[in-house]
Amino acid sequence: MLTHALVLSALLFAVGTFGFLVRRNAIIMFLCIELQLNAVNLALVVFSRVAGIDGQVFVFFVMTVAAAEAAVGLAIIISIFRHYETVNVNSFNLLKW
Amino acid sequence: MLPLGIFSLPVVQEAAEAASHAEAAGHFEPFLPGLIVLLPLLGFVVNGALALVHGRRSAEAVRAGQELDLDAGGRPATHTLPSWVGPGVLLASFILVVVNFLRMSGVELHDPMVVRYWTWLSTGAFRVEAALQLDQLSMIMMLVVTGVGFLIHVFSVGYMKDDPGYPRYFAYLNLFVFFMLVLVTGASFPVMFVGWEGVGLCSYLLIGFWFGDREKSDAGKKAFIVNRIGDFGFLVALFFLFVQFGSLDFVEVLGRAPDEMVYGGALATAVTLFLLLGAAGKSAQIPLYVWLPDAMAGPTPVSALIHAATMVTAGVYMVARSSVLFALSPVGSVTVAGIGVLTALFAATIALAQYDIKKVLAYSTVSQLGYMFLGVGVGAYAAGVFHLMTHAFFKALLFLGSGAVIHSMHHALHHTHSHEDPQDMRNMGGMRKFMPVTALTMWLATLAIAGIWPFAGFFSKDEIIWYAGAAATGPYASLYTVFWVLALAAAMLTAFYMTRMMVMTFHGSNRTGAEEAKHLHEAPLTMTVPLSILAFLSVFGGWINVPEAIRNSVLGFGGALPMSEWLHHWLEPITYSATAIREEALVAGGFLEGEHHYHGYLEHAPFGGGELAWALASTLAALAVVLIAVRVVGRWQIKTAAEAGEPQAGLKKVLYNKWYVDELYDAVIVQPVLRTSRFLWRIVDSVIIDGLVNLAGGVVKFAGFAVSLFQNGSLNTYAFILTVGVLVILWTVGF
Numbered sequence: 061m062l063t064h065a066l067v068l069s070a071l072l073f074a075v076g077t078f079g080f081l082v083r084r085n086a087i088i089m090f091l092c093i094e095l096q097l098n099a100v101n102l103a104l105v106v107f108s109r110v111a112g113i114d115g116q117v118f119v120f121f122v123m124t125v126a127a128a129e130a131a132v133g134l135a136i137i138i139s140i141f142r143h144y145e146t147v148n149v150n151s152f153n154l155l156k157w
Numbered sequence: 100m101l102p103l104g105i106f107s108l109p110v111v112q113e114a115a116e117a118a119s120h121a122e123a124a125g126h127f128e129p130f131l132p133g134l135i136v137l138l139p140l141l142g143f144v145v146n147g148a149l150a151l152v153h154g155r156r157s158a159e160a161v162r163a164g165q166e167l168d169l170d171a172g173g174r175p176a177t178h179t180l181p182s183w184v185g186p187g188v189l190l191a192s193f194i195l196v197v198v199n200f201l202r203m204s205g206v207e208l209h210d211p212m213v214v215r216y217w218t219w220l221s222t223g224a225f226r227v228e229a230a231l232q233l234d235q236l237s238m239i240m241m242l243v244v245t246g247v248g249f250l251i252h253v254f255s256v257g258y259m260k261d262d263p264g265y266p267r268y269f270a271y272l273n274l275f276v277f278f279m280l281v282l283v284t285g286a287s288f289p290v291m292f293v294g295w296e297g298v299g300l301c302s303y304l305l306i307g308f309w310f311g312d313r314e315k316s317d318a319g320k321k322a323f324i325v326n327r328i329g330d331f332g333f334l335v336a337l338f339f340l341f342v343q344f345g346s347l348d349f350v351e352v353l354g355r356a357p358d359e360m361v362y363g364g365a366l367a368t369a370v371t372l373f374l375l376l377g378a379a380g381k382s383a384q385i386p387l388y389v390w391l392p393d394a395m396a397g398p399t400p401v402s403a404l405i406h407a408a409t410m411v412t413a414g415v416y417m418v419a420r421s422s423v424l425f426a427l428s429p430v431g432s433v434t435v436a437g438i439g440v441l442t443a444l445f446a447a448t449i450a451l452a453q454y455d456i457k458k459v460l461a462y463s464t465v466s467q468l469g470y471m472f473l474g475v476g477v478g479a480y481a482a483g484v485f486h487l488m489t490h491a492f493f494k495a496l497l498f499l500g501s502g503a504v505i506h507s508m509h510h511a512l513h514h515t516h517s518h519e520d521p522q523d524m525r526n527m528g529g530m531r532k533f534m535p536v537t538a539l540t541m542w543l544a545t546l547a548i549a550g551i552w553p554f555a556g557f558f559s560k561d562e563i564i565w566y567a568g569a570a571a572t573g574p575y576a577s578l579y580t581v582f583w584v585l586a587l588a589a590a591m592l593t594a595f596y597m598t599r600m601m602v603m604t605f606h607g608s609n610r611t612g613a614e615e616a617k618h619l620h621e622a623p624l625t626m627t628v629p630l631s632i633l634a635f636l637s638v639f640g641g642w643i644n645v646p647e648a649i650r651n652s653v654l655g656f657g658g659a660l661p662m663s664e665w666l667h668h669w670l671e672p673i674t675y676s677a678t679a680i681r682e683e684a685l686v687a688g689g690f691l692e693g694e695h696h697y698h699g700y701l702e703h704a705p706f707g708g709g710e711l712a713w714a715l716a717s718t719l720a721a722l723a724v725v726l727i728a729v730r731v732v733g734r735w736q737i738k739t740a741a742e743a744g745e746p747q748a749g750l751k752k753v754l755y756n757k758w759y760v761d762e763l764y765d766a767v768i769v770q771p772v773l774r775t776s777r778f779l780w781r782i783v784d785s786v787i788i789d790g791l792v793n794l795a796g797g798v799v800k801f802a803g804f805a806v807s808l809f810q811n812g813s814l815n816t817y818a819f820i821l822t823v824g825v826l827v828i829l830w831t832v833g834f
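Same order as they appear, the protein sequences are chains L and H.
Under the working numbering, the first residue of the first sequence is numbered 61, with each subsequent residue one higher.
Under the working numbering, the first residue of the second sequence is numbered 100, with each subsequent residue one higher.
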């Protein structure tokens, strides 16, 4: 039971990472990050079954922070979109040497 | 902030061991000694403030595109106040000195009066007090400095009248007198050193007074740098003394030296030789004399005050002050005498072939300082100080007189916009018709310096030469005999070159040019009055120290003089222990036998004959040389400087170029130092050190550039690198 849940968590994380690496759409990349976060949340919940309630408490924190982060992140993406009229990250390369 | 004690009574007044002299008649009460020193400093502050105000005003005038015209609408206060403040503080100081002198001469003061104010330095065992020492020697020096200094200040009022830097000039001059007074009254070597450095600074400032002229500011630097070499010697000597005595107070060091230093020991010799190096720097002796002739770049009254009458005699004063130390080292003493007599002769030969009137006087000063060194070197400390004093009179007069001549020449040449050199004697001639007072007073000074009876220089110079001969009975007798002969030769040369200068300047036909000659004129009263007073002193100043043997003879007006050897007796408390040491050493060495008393050994006839015979011979010889010079130089067909150019061949060329000593120093010292510095600059500094620093910088810069390539602005790259990085860390940590 534990193993299955952990494998699911690992797969979800891998999918998130893969999506983050290969996609160019900022919103999709953002969703991939959320996926990674939730994969970690799942792992925390699984471990709390054997290691105590701490993991579940931690999940609440992660979700709270993720919500705040999502608000800020989306606001930035909207702001960028207003300027560039695109959300393709390949277009945003002003900050370089 | 200065303690108030300076203005009221000093904190502690003490005459060391005064109680032991119960027979002493009365007690010396110094009268405001601090004020003597501080008044010139006050003058400096006032004149310095005026100079700053004036400087701002003339800067504004320049900015507004106007010239600051001194004569338009009356002189500004910045140009009238210094005329009163500058000489005024000197006069006040001089009066205070005279009051103290009268008080001191009224009592028998055996030990120096030390007036302590506050502790200046106190670190561990090293303790220096800001204290003034009033004794017979410092009193004489103070009289000369403030007296002659006052006359030169008055002369400057006329001489510098039209100079735009007038207030600045008086500020520097007052500051100089302050430091000179610190030098001669300081009660310890460090306080003396403060004055010593201070006068050096003022000398530098005044030589380069017209700093707009590159040559003149260079001359100032030369004086300063050459003096540093001497100062180094002075300091090293002080370190030695401190290690030995644990104190640098004159009373302490000079009082304990006879008991605690070995006669002729290594320490005494080292100390005296290093002190001599310091004295040679300040007093322009071989090998450090080269700065003094160049110092003539300054205004002429400065040459008179600093580079003839006072500052350059500091070395003589220092040797006389530390006479005990020099007496303890026969090697040191003979070196002082040898350096002195060589300088006297060497400078005299150069003076023979100079055409610049101030250069002649400069070399003459070097030469006369050599005589003073000879005097203090052979143990005739009073005679050295005596010559210092008479020299201050007649050399100040000669310089001021030459200043009056240059002033007149300058005006004449200015009127016709001529670019001839106003200082070149070949452009003068016949000046006595235009400037009778200057000519007469300068002739009196010339006779004095030539050593003609009864002028001041005769008594002082003759005494030194006599003692040089007398010293040839002790250790290094043969050396002293040589010194004696050289001193006589230099005396003859002195008579010749001085007469040559006078004849070329004041006699014969005028060579300035017909148009210019109309504008030649006698100097104003502010200049001729100081000349006359100094002339009076040059004539009669020598009578204060006429030897007993001469006083009763025809040369002493058959005993009509009220005193004999006054200065000698006056300085006895200073010279007593040094003379006693020398006498003891002579007895121990078997050079002197039988009964003798204090300074008795110096009264032996040097080479047969009495004092009177030698004195007569020397004055007659000098007179003969003067007369010959008048005839010889009078017959010369002198061309003006523009026609004649520089001497092209023979001894004359060598002498005109000062034996090429400047060139020698340049080749042996200046150029190697320059080349080494250039090597250190261009190779060691620019290539090696800068190269290493630039290499380190370059490596960091390149590394930064390489790493910066990763920041390419592409979010995907960052994400990829981040992921790979995490995997690598996991790999290394986890497995």
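Keep in mind that the hints were calculated from the coordinates and are not lab data.
Since the model is a prediction, treat every value here as computed from it, not as a measurement.
Among the clues, some could well be false.
As the list claims (entries may be wrong) - Here are a few chain L residues that face chain H, going by a calculated C-beta distance under 7 Å:
#1 96
#2 155
#3 156
Stated by the list, open to error - Reference listing, derived: stretches of chain L covered by chain H, where coverage requires no fewer than 3 residues with Cβ under 8 Å from a Cβ of chain H:
#4 63-74
#5 100-109
We put the beta carbon where it would ideally sit given N, CA and C, even for glycine.
Here is how each hint holds up against the structure:
no. : hint    : result
1   : 96      : violated, 11 Å
2   : 155     : holds, 5 Å
3   : 156     : holds, 3 Å
4   : 63-74   : violated (count 0)
5   : 100-109 : violated (count 0)
Consistency note: the structure conflicts with the earlier hints numbered 1, 4 and 5.
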